[in-house]
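Engineer: Sequence:
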Amino acid sequence: MKCTGEFYTNLQRKDPVSKFNHNHFGDNDKVNVEKDLCVIKEQTKAGLSKSLEVYAEIISKLDDDTGAKMLVEDIIQYEWCTTGHSEYEHFLIFDNGIDSEQRILIFGTVSKSTTWYSDGNFSLASKLFLQLYVISVEVGRWYIYNCNSLLQRKTSETYKLVFRTFVEKCAEENLNLDSKYVYLDFEKIVIKAVHKILNRVVIIPGCFYHLSQSTHRKVQALGLEQLYIP
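Per the UniProt record's numbering, the sequence shown starts with residue 1, numbered consecutively.
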């Protein structure tokens, strides 16, 4: 029978409230396993150690009862690389390995769309990476984040690899991309990468937000802000 217990906290994880009681006895070993899995995730995200190194350290300190309930390392890696719904699609679609000159991780699922939106974010990237590069697509009335790439560089070859990997993944799923529009900022190496990997026919309208932002920065750099703003 599925447990009906529910427990709530606020966003700061304070003021806990128990809504429904458990319908079974507690399992301290299982609780400890879940805590240890959280430690592995947090230390890996912080870039302190590789996940398997943290796993090895933690598993060595567990007692026999708790250790017997800990997932083996291969299953942990598999679970963290798949989507959460019932079909468990593989979510990590590219990893060039820890020995690569520049580490690249690409997570994603695929959807057919004629309109793409791509941009990089530097503040959301983990400490080991320079940027999080995102490809989203328009499906009906919705915009779906299809491809999230953790990148250590901003080179032409890096961007080509991201788009090429996404195209190859779509081909594996027998999806004809039929991309017609790719909205980007005005970074030349990204524009060239899109034309190289997709095709020259793809229309790149540019992003008005990025145009306004870069124009404003230039106005500030020239000391013309007071004249420019009415």
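Hints in this document: simulated from the structure, not taken from any laboratory. Each hint should be verified, as a subset may be incorrect.
Below, computed lysine to aspartate or glutamate pairings styled on EDC-like, alpha-carbon distance capped at 16 Å [to be verified]:
1) LYS160 to ASP119
2) LYS154 to ASP185
3) LYS169 to ASP95
4) LYS154 to ASP119
5) LYS160 to ASP95
6) LYS188 to GLU101
7) LYS19 to ASP29
8) LYS192 to GLU157
9) LYS160 to GLU138
10) LYS196 to GLU168
11) LYS196 to GLU157
12) LYS154 to GLU101
13) LYS180 to GLU225
14) LYS154 to ASP178
15) LYS188 to GLU138
16) LYS30 to ASP63
17) LYS192 to ASP119
18) LYS127 to GLU42
19) LYS35 to ASP15
Beta-carbon label-pair distances, calculated as ranges [what the hints assert, rightly or not]:
20) THR9 to THR215: 43 to 49 Å
21) LYS35 to LYS180: 48 to 54 Å
22) ASP99 to GLY223: 45 to 51 Å
23) VAL17 to GLY223: 54 to 60 Å
All C-beta atoms, glycine included, are put in the ideal place defined by N, C-alpha and C.
Engineer: All hints, please: hold or fail.
Structural biologist: Hint by hint, here is what the structure shows:
no.	hint	in the structure
1	LYS160 to ASP119	holds (14 Å)
2	LYS154 to ASP185	holds (14 Å)
3	LYS169 to ASP95	holds (13 Å)
4	LYS154 to ASP119	holds (12 Å)
5	LYS160 to ASP95	holds (15 Å)
6	LYS188 to GLU101	violated (24 Å)
7	LYS19 to ASP29	violated (23 Å)
8	LYS192 to GLU157	holds (10 Å)
9	LYS160 to GLU138	violated (21 Å)
10	LYS196 to GLU168	holds (14 Å)
11	LYS196 to GLU157	holds (11 Å)
12	LYS154 to GLU101	holds (14 Å)
13	LYS180 to GLU225	violated (37 Å)
14	LYS154 to ASP178	violated (26 Å)
15	LYS188 to GLU138	violated (23 Å)
16	LYS30 to ASP63	holds (12 Å)
17	LYS192 to ASP119	holds (14 Å)
18	LYS127 to GLU42	holds (12 Å)
19	LYS35 to ASP15	violated (20 Å)
20	THR9 to THR215: 43 to 49 Å	holds (45 Å)
21	LYS35 to LYS180: 48 to 54 Å	holds (49 Å)
22	ASP99 to GLY223: 45 to 51 Å	holds (48 Å)
23	VAL17 to GLY223: 54 to 60 Å	holds (56 Å)
The structure does not agree with the numbered hints 6, 7, 9, 13, 14, 15, 19 stated previously, though it agrees with the rest.
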